[in-house]
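Colleague: One letter stands for each residue in the lines below.
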Amino acid sequence: MNAPDKGRVVIVEDDRPLREALVRLLLEARYQVEAFGSAEAYLVAAAPEDCHCLLLDVRLPGLSGQALQQRLNEEDAPRFIVFMTGHGTIPAAVEAIRKGAVDYLTKPVEEDALFKAVDTALDHCRMEKALNADRRAARTLLARLTPRENDVLGLVVSGLPNKAIADQLGIALPTVKIHRGRVMEKMQADSLVDLVNRAEQAGFQPDSENT
Amino acid sequence: MTLFYGLVAGIALTLGAVHLLVWRGRSGRRVYLLAAGMALAACAQALVELALARTSDPAAAAVLLRWGNFTVGATLLCMVWFVRAYLSAGRAWILWAITGLWAVGLMANVFSPYSLVYTEITAIHSLETFWGETSYQVEGVANPLKYLTDLASFLILIFVADAGLATWRRGDRHAAVTFGGSVVFFILVAGIHTPLVDVGIIRTPTIISATFVAILAALSYQIAWELDRARASEKALGESRRHVDRLMRSNLLGEFASSLAHELNQPLAAILANAQVVRRYLGHEPPKIAAAREAVDSIIADDRRASDLITQLRTLVHRDVVHREAVEVTGVVDETLALVRRELKTQSVTVDVVRPGLSLTVNASRVEMQQVLLNLLFNAAQAVEGQALPRRRIRIETAQDGGWVWVSVADGGPGLAPDRIDQMFEPFNTGRTGNIGMGLAICRRIVESHGGEISAVSGADDGAVFTFTLPLLEKGCVANECAG
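Those protein sequences? They're chains P and D, same order as listed. The number in this note's numbering is simply the position in the first sequence, starting from 1, with 875 added. The number in this note's numbering is simply the position in the second sequence, starting from 1, with 63 added.
Please note: incorrect hints may appear among the correct ones.
What the hints assert, rightly or not - Below, a sample of chain D positions facing chain P; criterion: calculated Cβ distance under 8 Å: (1) Q329; (2) A332; (3) V359; (4) I363; (5) Q410.
Derived from the structure by calculation, the hints contain no laboratory data. Just so you know, even glycine gets a beta-carbon here, dropped at the ideal spot from N, CA and C.
Go ahead and model the full structure; you've got the sequences and the hints to work with.
Modeller: Put into structure tokens, the structure is as follows:
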């Protein structure tokens, strides 16, 4: 019975019987479910850092589904939204997707379509989360480099061989090799490709004066 | 000559009569009265000119000249004021100067011995017209005061030309040409011809009346042209209004359909989700029977919700004749209240019933009456929901007014927004979610099919009051013989 949970789904739907039916279906399909009757209630209660799929009704009293999406985008807290609508139009669907929605479903929703959309949203959410974690880690590593190591990293990333780096920085070739070894170590890179990737993840910008 | 002046007088009289009729028909626009005045004065002028041309007696001629000045003055003044009123153009000060000059001139006309035109009549010439008729021509010493009215004629030229120019610039070129052009042209003709006759340079009878009638005809033509155009544009306006009506109706239909789709979709979506979850519950080993039963109960409830919606919709569009009978109104009120009393009690809503002193009978469908009352009671109950306890009251009153029975349902709720009252009885007009707003539309359809009316107001103590009327059934009238 204690099957692994497939992720968190937050439902915002004003029609109580429909909301309850969706909760029932998603719980049975082993999702973790939370439900709200209005966009306002969701804004008050939902924790944005939690990875969740927002299953959002378009037509809501008060703040509408689209307005909620707009607001979350403006607050730079985009969610992984699956819209549900009674009478969707193509322009409305395009607009929603353009603003970052994962899917746009028409009521009544078939369970397969629902689960597929929810899973896609949760996958996106997890990927984004993992990507963010990698970025944070790479930035932490990058911060530990000394200024000189930073210079060497910039020239390595731009593809110069050690000899050219030594000439450009006006230091001896063995010194460059030592710096380079430390950079590889500190950035936890096994290869040059690894190093370049990590530098990119960390948002590394070589100093312009040395390039 | 008699024929000519007679014709002129006749035309003037006819035009005058036409303008008078238009004036009376068009809720008294001043322009038509002025035009009529001008026409009648021109008619009188024609008769005066005819008499002048046929008199050889200086004393009689002096009297006629005096009269003629009055008719000329009246015609010109009516004309300029008409131009001003019709075109809404022209300078007021010139208008008043013209009026003033003529007032002085007419005063002089009364007190001068030989009218405004002459200080003395020296001779009366007899002259032969080229078609062989004899007419008479007065000769005398010119009265210097006559220049006052000649100046007035000059000012009229300026005034009309100026008004015409302003109208032209305003873009109303047709009016500018007919008004300005005709008046200027004919005043020039009369204004040059008449003084020449007066001072004896040319010898013909005066033809002022004829020029007036020509001006009048031009002005009348312009008025007729504009009336015709106004009628055409009214027709066009009516057509575009009908077009807008049609559009609005089709738009309303669109809203109706989209609202219905939404409201039907909700229970359908819930039914589908619940049915799918039941299938999953039953797939377990052992099946989750209790959970499945709960979901099936929801399916049943949602199915009823959808079906109620369809019933409401059918009631709204249903046009079949329902069974009608003699129904006692307070009886229906009591029956309906019995249906909802318990629910109202749980919401702590008090209901006051005000009964009439006598039994009031209407020819109606009992079921439909109940439906109307139920709708109004539900609305009232919803309105008082959340109000303080003393305001959680509904008052149903039945009374008779002449041949009508009226029933009102008043609540202690927050009342109605005045701008929403008109739309409330339209289908799909709702301020609440989970309600598609057909209740009042159904009430209206039922009440109107019974020959009554339904209306709503915000009451004296601010709650809403819905009132409907039904025709009182006459005594001795059997149900099926009575028209609704």
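Colleague: Each hint needs a verdict: does it hold in this structure or not?
Modeller: Verification of the hints:
1. Q329: Holds, about 5 Å.
2. A332: 4 Å, holds
3. V359: 11 Å, violated
4. I363: Status violated, d = 11 Å.
5. Q410: This hint is violated: D:Q410 lies away from chain P, its Cβ roughly 19 Å from the closest one there, beyond 8 Å.
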